[in-house]
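From first to last, the protein sequence lines stand for chains R and B. Under numbering that gives the first Met the number 0, the first sequence has 462 at position 463, and the numbering climbs by one with no breaks. Under numbering that gives the first Met the number 0, the second sequence has 30 at position 31, and the numbering climbs by one with no breaks.
Keep in mind that the hints were calculated from the coordinates and are not lab data. Think of the CB as a built atom: it goes at the ideal place given N, C-alpha and C, for glycine as much as any other residue. Honestly, I wouldn't trust all of these hints.
Some chain R residues near chain B, calculated using beta-carbon distances under 10 Å [claimed, not checked]:
no. : residue
1   : V179
2   : E345
3   : D360
4   : H405
5   : G508
6   : E509
7   : V510
Residue-level listing of the chains:
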Amino acid sequence: MTQPFNDTSSVLGIEIGTQNTRAVMFDVVDGSYHFLASGVAPSTQKAPFFDIGEGILAAITQLQLIIGRTLMDHDGNLIMPSQPNGEGVDRLFVTVSGGPEVKIVTFGLLNEVSLESAIRLAQTSYAVVKDSFGINDRRSAQLQMESLLAARPDIIIFGGGTNQGASRSMVRVAQMIALVLTTLPKNNRPEVLYCGNRVVAKTIIEILEKHARVTLTENIRPTLEVEDLGKSSEELARMVLRVWTKRMDGINRITPLCTEAPSISSLNYQRMMRFLGKLYDPAKAVLGIDLGSSYCTFSSSNANQCNINIIPLGMGDGFEEALTRIKIEAIAKWLAESLPQNEFKEILWQKTLTPGSIPVDDKGLAIDLAAARAILEYGLNEMKRQSLLASSIFEPIFISGSTITHAPTPQQILLTLLDGIQPIGITPLIIDKHGLLPILGAISRAHSLLPVQVMETSAFTNLATVINVESKASDGTPIVNARLTYHSGNYMDIEVKQGAIATLPLPSGEVGTLSLNLMRRTVIEGLINPNEPFKVHGGVCGVVIDARGRPLTFPKDVTTRRERYKRWMFMLGA
Amino acid sequence: MNASIIQTHPLIQIRRNRTLPVSGTVLVRVGQKVTTNEVIAETEMPSQFHYVDVMRSFGLTTPGQAEKLINRKVGDQVDKNDILAETGGMFSRIVRSPRAGTILSIRNGQMLVETAKIKLTVNAGFNGKVVEIIKDHGAVIETNGVLIQGMWGNGKTGFGPLQINEHQLDSELETSSLGIQNRGLVICAAFCSTAQLIESAASLPVGGLILGSINPDLIQVAQNQSFPILVMEGYGKTTINDYAKRLLITNAGREIAVNAVKWNRWTGERPELIISLPAEGDAYRQIVELKLGQLARVHTSPFVGQLAYVNKLNDGMTSLPNRIKANAVGLKFLNNENAAIPLNNFELIDLDNRYIGRSE
Chain R
0 MTQPFNDTSS VLGIEIGTQN TRAVMFDVVD GSYHFLASGV APSTQKAPFF
50 DIGEGILAAI TQLQLIIGRT LMDHDGNLIM PSQPNGEGVD RLFVTVSGGP
100 EVKIVTFGLL NEVSLESAIR LAQTSYAVVK DSFGINDRRS AQLQMESLLA
150 ARPDIIIFGG GTNQGASRSM VRVAQMIALV LTTLPKNNRP EVLYCGNRVV
200 AKTIIEILEK HARVTLTENI RPTLEVEDLG KSSEELARMV LRVWTKRMDG
250 INRITPLCTE APSISSLNYQ RMMRFLGKLY DPAKAVLGID LGSSYCTFSS
300 SNANQCNINI IPLGMGDGFE EALTRIKIEA IAKWLAESLP QNEFKEILWQ
350 KTLTPGSIPV DDKGLAIDLA AARAILEYGL NEMKRQSLLA SSIFEPIFIS
400 GSTITHAPTP QQILLTLLDG IQPIGITPLI IDKHGLLPIL GAISRAHSLL
450 PVQVMETSAF TNLATVINVE SKASDGTPIV NARLTYHSGN YMDIEVKQGA
500 IATLPLPSGE VGTLSLNLMR RTVIEGLINP NEPFKVHGGV CGVVIDARGR
550 PLTFPKDVTT RRERYKRWMF MLGA
Chain B
0 MNASIIQTHP LIQIRRNRTL PVSGTVLVRV GQKVTTNEVI AETEMPSQFH
50 YVDVMRSFGL TTPGQAEKLI NRKVGDQVDK NDILAETGGM FSRIVRSPRA
100 GTILSIRNGQ MLVETAKIKL TVNAGFNGKV VEIIKDHGAV IETNGVLIQG
150 MWGNGKTGFG PLQINEHQLD SELETSSLGI QNRGLVICAA FCSTAQLIES
200 AASLPVGGLI LGSINPDLIQ VAQNQSFPIL VMEGYGKTTI NDYAKRLLIT
250 NAGREIAVNA VKWNRWTGER PELIISLPAE GDAYRQIVEL KLGQLARVHT
300 SPFVGQLAYV NKLNDGMTSL PNRIKANAVG LKFLNNENAA IPLNNFELID
350 LDNRYIGRSE
């Protein structure tokens with residue numbers, strides 16, 4: 000991160016999402032940066048406004064009301080820099096996560112090597128892979144060309160060949176791409192990201208750049224064993240933002256006001272995850288999940304690696320895709336109340352037509368949280384399948400996205416996360432209610448001190464420290480006795496049975512000492528000496544002992560399953 | 000506090016951009032009257048290709064060598080078996096075109112022969128007048144008349160006389176509504192839950208199908224049809240909202256244009272019905288300030304398709320019955336039930352107090 004600038008006190012961050020635009024204010028309090036407040040308003044890049052400006056204006060207006068400070072003049076212009084009377088702001092940062100669909104087509108050589116890496120690269124940004132082509136593609140050259148044209152991509156990712164590997168095949172593929180590009184109108188051609196064999200890069204660029212804008216980046220598969228998406232992922236993010244800037248009015252207008260040019264949230268989110276990954280135990284991983292309207296972002300990082308996977312599934316605009324990929328039964332299993340299958344399906348599909356809608360009753364809320372669990376479960380399985388988890392033990396988990404973070408009770412949030420993620424070992428859960436991580440990531444490019452100081456404040460909510468206990472004992476058998484000793488010296492004991500979930504109160508900001516007595520055949524993943532007392536941090540839900548086992552299993556009988564689920568909710572007070 | 004509008008209007012000025020996705024030829028001029036099915040712009044797009052790698056076919060090492068052997072140029076028409084490239088000499092090797100077509104591109108010793116084209120056209124979509132030309136892409140068409148917007152469309156457009164059977168407006172689509180006498184008509188029904196009925200409608204075919212709601216299991220079947228299916232409220236067994244139903248009944252027998260596109264929130268294009276009328280319409284509004292007494296239509300569970308009057312404007316966030324906090328207003332439903340409904344869960348449907356009560 001860069002050096003801090005020293006003429007700054009107030010910083011305004013704006014995040015433009017698909018559904019909501021958020022304005023976040025930071026300022027110096029007692030010598031260090033603090034998060035003051037956030038204002039949220041519906042985003043306006045879609046119809047009927049077609050301009051991000053209205054949403055930004057409304058979000059800042061709401062922020063002004065909350066903090067009681069004037070940030071804009073009578074003409075709606077941002078007052079910059081801040082005035083002696085406290086009006087205005089010194090710096091502005093804008094990050095964007097909500098734009099129209101960006102279509103990507105990937106090219107590689109071997110399906111399991113470079114093509115897979117190219118697809119994974121596409122999944123590091125807000126985009127949808129429409130088609131993929133490798134040298135083992137069984138389609139004829141003609142059919143491949145027709146498919147490429149039919150996909151009408153905005154971006155072509157072209158990888159393949161290790162740095163000393165195949166070059167003739169790469170040139171041939173480049174020639175085929177060039178041939179297809181010539182058939183498209185000049186103003187309608189996709190940009191090309193070349194991330195393949197560096198030895199032939201010059202030739203490839205010569206072939207392609209006559210027909211389209213080409214960006215050269217590092218080889219994503221420099222050797223067969225190594226995948227390196229770091230630089231190429233940054234380039235791709237910039238390309239996605241360029242596509243959005245062309246199609247979304249207002250970004251260019253706000254750019255001159257920004258301290259740094261507007262950036263894309265995926266990149267900023269990953270920047271913060273990389274930073275956080277270095278702060279925690281290198282044997283474990285920090286997990287970040289942002290369940291948005293169009294996309295769900297998963298990022299896992301520690302001192303050794305930082306991975307991101309963005310799936311086009313979300314709780315609003317991405318909900319139709321979620322219902323396409325996830326079976327209804329995988330959502331229904333999380334419902335505690337009986338609901339006719341037809342009605343359940345109709346409510347879910349109705350949500351696809353009303354992306355910004357909010358559940359008004361308990362049934363709607365239960366369905367939303369069930370769907371959120373299913374998306375989390377799907378995304379985590381994808382991370383596992385693609386070996387993108389830096390460790391199987393997460394410490395901590397950062398979660399954002401209004402469906403989850405705006406659930407009425409912390410216990411509902413907690414159970415949704417535990418069900419959807421099913422963490423193992425000891426896991427602190429942290430709620431990013433204001434969606435700060437991408438904004439802090441954007442700010443960190445120019446101001447390294449602010450994010451560090453804000454992370455140390457109460458801008459994030461500690462939800463709970465969860466101890467996940469696994470045992471082969473039968474249901475209802477006591478498997479752990481726990482004693483939580485408070486700072487005052489008082490303590491609380493609890494006996495937890497197999498299949499149960501229990502809480503020990505410990506408020507946010509407090510630290511307690513937890514002593515565990517595990518019964519035979521009972522383990523806590525990653526805890527080397529379970530008989531040794533250890534420190535735990537408090538949270539809104541205190542310290543939680545989850546003895547339901549991993550993976551969670553459900554009785555086949557629907558009534559028994561619902562009863563069990565109700566019991567879990569009751570145990571947590573959800 | 001602003002709210003969006005679902006256009007459900009007996010007489011409004013309607014302007015729509017009708018454009019090709021790529022550049023083409025615009026066939027109309029400003030001031031010209033156009034009919035629903037009239038083509039206003041067209042273009043041709045290559046749809047099938049033949050790819051010829053001359054360099055590889057002749058085993059050459061550089062594209063330059065190959066290009067010297069190609070005796071065609073871009074734009075040339077070729078017939079099946081025509082020679083595209085030859086080595087020359089006593090025992091000349093030859094590359095022939097496998098199909099008739101046009102040489103689309105010659106690059107790096109490779110050729111692309113376009114062997115089939117598809118014609119892309121864009122229709123006026125409703126009876127109206129051309130008020131603006133969008134260069135090389137299409138035109139802006141204007142009319143005055145009835146405009147009724149819906150929630151979902153199967154991606155097709157069409158038109159025909161509007162057939163109203165009041166019993167059918169309140170019940171599931173029935174086979175009796177799909178008799179031969181209804182061929183070419185636009186049929187309305189409360190909902191449809193079986194694929195066979197959609198296939199029966201296709202076999203007539205009908206001019207279009209307007210439904211209150213549809214079984215989500217039929218999405219694919221509906222999308223496979225060539226006639227338009229427009230869904231007013233969403234998925235399930237919800238009937239067409241009472242206000243839209245009244246407008247449809249009033250206009251029975253008139254020609255109705257059914258633009259059953261999928262709702263695209265990025266372009267603003269939305270499934271809609273248009274009946275052109277020879278009268279001056281009200282000005283078009285998309286966003287208005289919320290006021291007490293306005294009629295709204297809720298589009299989310301458990302109130303899908305229900306009409307209600309705005310009876311309370313709340314400052315700040317409202318706590319909903321499930322304790323979620325949201326920007327919401329108080330609505331009074333036609334059965335006198337009151338509920339706090341988030342702004343995102345409804346659209347205003349009548350701004351001018353035209354609605355005079357339930358039609359039952």
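Task: Hint check against the structure, violated hint numbers in rising order - done: Hints 5, 6, 7 are the ones this structure does not satisfy, whereas the remaining hints hold.
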